[in-house]
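Enquirer: In case you want the letters, here they are:
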Amino acid sequence: MTPTKSPWADHPAAVALAGRHRLRAWEPIPWILALAFYFVFPTYLGFGTELLITILFAVSLDLVLGYAGIVTLGQAAFFGAGAYTVGILAKRGIWNEPITGLVLAAAVAAAIGLGSGLVLLRTGGLTLLMLTLCTMALLEEAANLAHDYTGGFDGLDSLPIAPLLGRFEFNPLYPTTQYLYVLVVLFVCFVFVRTLVYSPFGQSLTGIRENTLRMHAVGAPVRGRLVLCYALSAAIAGVAGGIWAQANAYVNLGTLGLDRAATVLIILVLGGYGRLYGAFVGAIAYMALSHFLSKLYPTAWQLGLGLLLVVIALFARNGILGIAELGLRWLRRPRPKP
Amino acid sequence: MTAPLLETRALCRSFGALTAARDIDFRLEAGARHALIGPNGAGKTTFINLLTGVIAPTSGAILLKGRNITSVGQAQRVKLGIARTFQINRLFRRLSVLENVYLAVAERVGAAPSMFQPAGTRRDVIEESMRLLDTLKLAPHASRRVWELPYGRQRLVELAIALGLKPEVLLLDEPAAGVPSAESHIILDAIDTLPRDIGVLIIDHDMDLVFRFAERITVLVSGAVFATGSPREIGADPNVRAVYLGQAARG
Chain F
1 MTPTKSPWAD
11 HPAAVALAGR
21 HRLRAWEPIP
31 WILALAFYFV
41 FPTYLGFGTE
51 LLITILFAVS
61 LDLVLGYAGI
71 VTLGQAAFFG
81 AGAYTVGILA
91 KRGIWNEPIT
101 GLVLAAAVAA
111 AIGLGSGLVL
121 LRTGGLTLLM
131 LTLCTMALLE
141 EAANLAHDYT
151 GGFDGLDSLP
161 IAPLLGRFEF
171 NPLYPTTQYL
181 YVLVVLFVCF
191 VFVRTLVYSP
201 FGQSLTGIRE
211 NTLRMHAVGA
221 PVRGRLVLCY
231 ALSAAIAGVA
241 GGIWAQANAY
251 VNLGTLGLDR
261 AATVLIILVL
271 GGYGRLYGAF
281 VGAIAYMALS
291 HFLSKLYPTA
301 WQLGLGLLLV
311 VIALFARNGI
321 LGIAELGLRW
331 LRRPRPKP
Chain L
1 MTAPLLETRA
11 LCRSFGALTA
21 ARDIDFRLEA
31 GARHALIGPN
41 GAGKTTFINL
51 LTGVIAPTSG
61 AILLKGRNIT
71 SVGQAQRVKL
81 GIARTFQINR
91 LFRRLSVLEN
101 VYLAVAERVG
111 AAPSMFQPAG
121 TRRDVIEESM
131 RLLDTLKLAP
141 HASRRVWELP
151 YGRQRLVELA
161 IALGLKPEVL
171 LLDEPAAGVP
181 SAESHIILDA
191 IDTLPRDIGV
201 LIIDHDMDLV
211 FRFAERITVL
221 VSGAVFATGS
231 PREIGADPNV
241 RAVYLGQAAR
251 G
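Top to bottom, those sequences are chains F and L. Those letters in the first sequence? Residues 1 to 338, by our numbering. Those letters in the second sequence? Residues 1 to 251, by our numbering.
Be careful, since some hints might not be right.
[Claimed, not checked] Residues on chain L that point at chain F, a partial pick, calculated with CB under 8 Å:
| hint | residue |
| --- | --- |
| 1 | 88 |
| 2 | 107 |
| 3 | 139 |
| 4 | 198 |
[What the hints assert, rightly or not] Over 12 Å on every C-beta distance to chain L, these chain F residues come out as not near it, computed from the model:
| hint | residue |
| --- | --- |
| 5 | 17 |
| 6 | 71 |
| 7 | 118 |
| 8 | 124 |
| 9 | 164 |
| 10 | 197 |
| 11 | 202 |
| 12 | 328 |
Hints in this document: simulated from the structure, not taken from any laboratory. C-beta: ideal position from N, C-alpha, C; glycine also.
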């Protein structure tokens with residue numbers, strides 16, 4: 001007997017849901033561009049590496065903010081935790097192999113995410129926003145005070161990171177290794193996050209974002225899911241921080257600062273949150289804008305960025321990708337027959 | 001005598017000086033069609049919140065099929081078979097109608113914690129959700145975002161999410177509230193066709209709905225049970241008419 005086909009399998013809603021996770025035709029494009037960048041702009045690889053790390057960091061934020069709806073201003077706590085994990089282990093000569101170093105960075109950041117998440121995620125809204133900020137400030141101050149381990153305000157420099165796979169040196173002047181290494185790590189983490197958000201778990205995170213109360217009422221262990229999501233996002237932010245420390249061979253307090261946390265939030269809002277690729281678009285837009293604006297008006301270039309953010313917040317809540325989606329929908333709109 | 005499906009014993013809840021539930025002894029039998037009525041502020045929604053574990057009682061006990069579930073958490077009670085709808089829509093507004101139901105079904109069948117398998121490959125969950133939407137005549141709207149639907153249909157989605165949990169006890173908090181009268185028949189029809197084995201408790205102000213639907217009515221006044229009986233008994237009870245029906249008729 002052949003299995004009978006479900007009468008509902010062809011319904012547009014079922015088709016859309018069943019095929020939602022499939023690779024879209026345009027999805028390889030950003031990766032091809034990133035690879036092309038390596039060959040076309042060999043002199044800008046330092047900038048490129050920084051950009052890719054920023055994207056990775058923004059992807060980690062998108063998971064908590066864009067999908068689970070956890071409003072946090074303290075994501076840099078995990079970036080810094082990862083960076084300092086790599087930095088302290090390398091500086092003290094305990095561990096300097098890069099790939100396992102990232103695993104350790106992820107583990108430390110995830111542990112901090114789990115611990116703080118268990119406490120913080122009992123709250124929500126503005127309280128949560130302030131508490132995430134406080135957690136980050138506490139970590140920053142701890143790093144400042146623990147001078148013997150962290151180098152305090154000066155940070156740790158000239159980290160002796162071992163060659164990648166025992167062969168490829170990290171050369172700060174010609175960051176070819178760094179660029180490709182970061183690209184591969186970004187790809188792996190991105191595939192992980194993409195898988196996660198299209199899974200039933202990811203769907204339930206979206207449900208929590210849309211209506212927490214209802215998720216309780218359908219029997220979902222809401223807090224457990226949020227804490228898990230927070231810890232996973234922290235792990236990815238930790239990887240971003242760890243790889244930043246490896247690529248630059250130094251760590252400083254800036255990795256834990258509000259500046260970094262706010263910048264990544266701006267990037268995600270600019271690009272469009274809850275859209276996976278918003279991190280890419282936002283990071284490129286932010287870096288390009290700050291580059292041009294600072295040339296145009298060196299003393300107050302951030303003013304332009306601020307104005308743009310106000311415009312986005314008022315008129316385009318879904319960021320640049322949201323505008324693009326609207327444009328596409330407008331182009332594909334059904335037209336009246338002449 | 002077998003234990004009732006759902007039972008409360010001397011259930012009390014106070015908010016400071018306000019007693020929202022006062023010694024409520026209540027029984028819901030398997031397959032019952034039971035209505036809970038009472039003036040505004042009588043504590044009807046508080047009672048639902050107590051039954052579903054949103055709030056804990058100050059004293060008293062809640063039993064499901066004879067088992068004491070007073071200290072069982074909200075999520076666990078859903079797993080035990082208690083589902084509810086809300087007086088004001090609590091929907092996943094920016095998701096499609098299908099995704100709204102998918103969330104409930106995925107939670108029930110235990111698919112929701114899975115992280116590495118795309119949601120779309122759980123054809124069983126999609127299939128069941130679509131079948132459920134079809135029974136509520138929502139299948140043609142399954143692709144629409146919930147917020148695009150007219151309010152009456154949104155109320156049906158509210159019901160669909162609860163039914164996706166395959167409850168044994170279904171608590172309906174004013175299912176037709178806010179629905180324009182032109183659309184209210186779709187809600188009433190849906191309630192009429194609920195599976196007969198579910199014990200349903202309905203809260204409503206709409207006396208037509210209550211008397212059409214209920215086989216048993218409990219009247220709640222100031223947090224306490226004022227009267228319980230068949231619709232005929234309640235309709236004929238002069239005290240009930242005085243505190244509630246009379247008011248409703250006037251206003």
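Enquirer: Now tell me if each hint is right for this structure.
Expert: Checked hints:
1. 88: Not OK, violated: residue 88 of chain L not within 8 Å of chain F, min 10 Å.
2. 107: With a minimum Cβ separation of about 5 Å from chain F (threshold 8 Å), the hint on residue 107 of chain L holds.
3. 139: holds, 7 Å
4. 198: violated, 16 Å
5. 17: violated, 5 Å
6. 71: The claim stands: residue 71 of chain F keeps its Cβ more than 12 Å from every Cβ of chain L (closest is about 17 Å).
7. 118: Per Cβ check, residue 118 of chain F is outside 12 Å of chain L; nearest 17 Å; holds.
8. 124: holds, 16 Å
9. 164: holds, 27 Å
10. 197: Since the minimum Cβ distance to chain L is about 9 Å, residue 197 of chain F lies within 12 Å and the statement is violated.
11. 202: The claim breaks: residue 202 of chain F does not keep its Cβ more than 12 Å from every Cβ of chain L (closest is about 7 Å).
12. 328: Residue 328 of chain F clear of chain L: closest Cβ-Cβ about 17 Å, beyond 12 Å.
When each numbered hint is compared with the structure, violations occur for hints 1, 4, 5, 10, 11.
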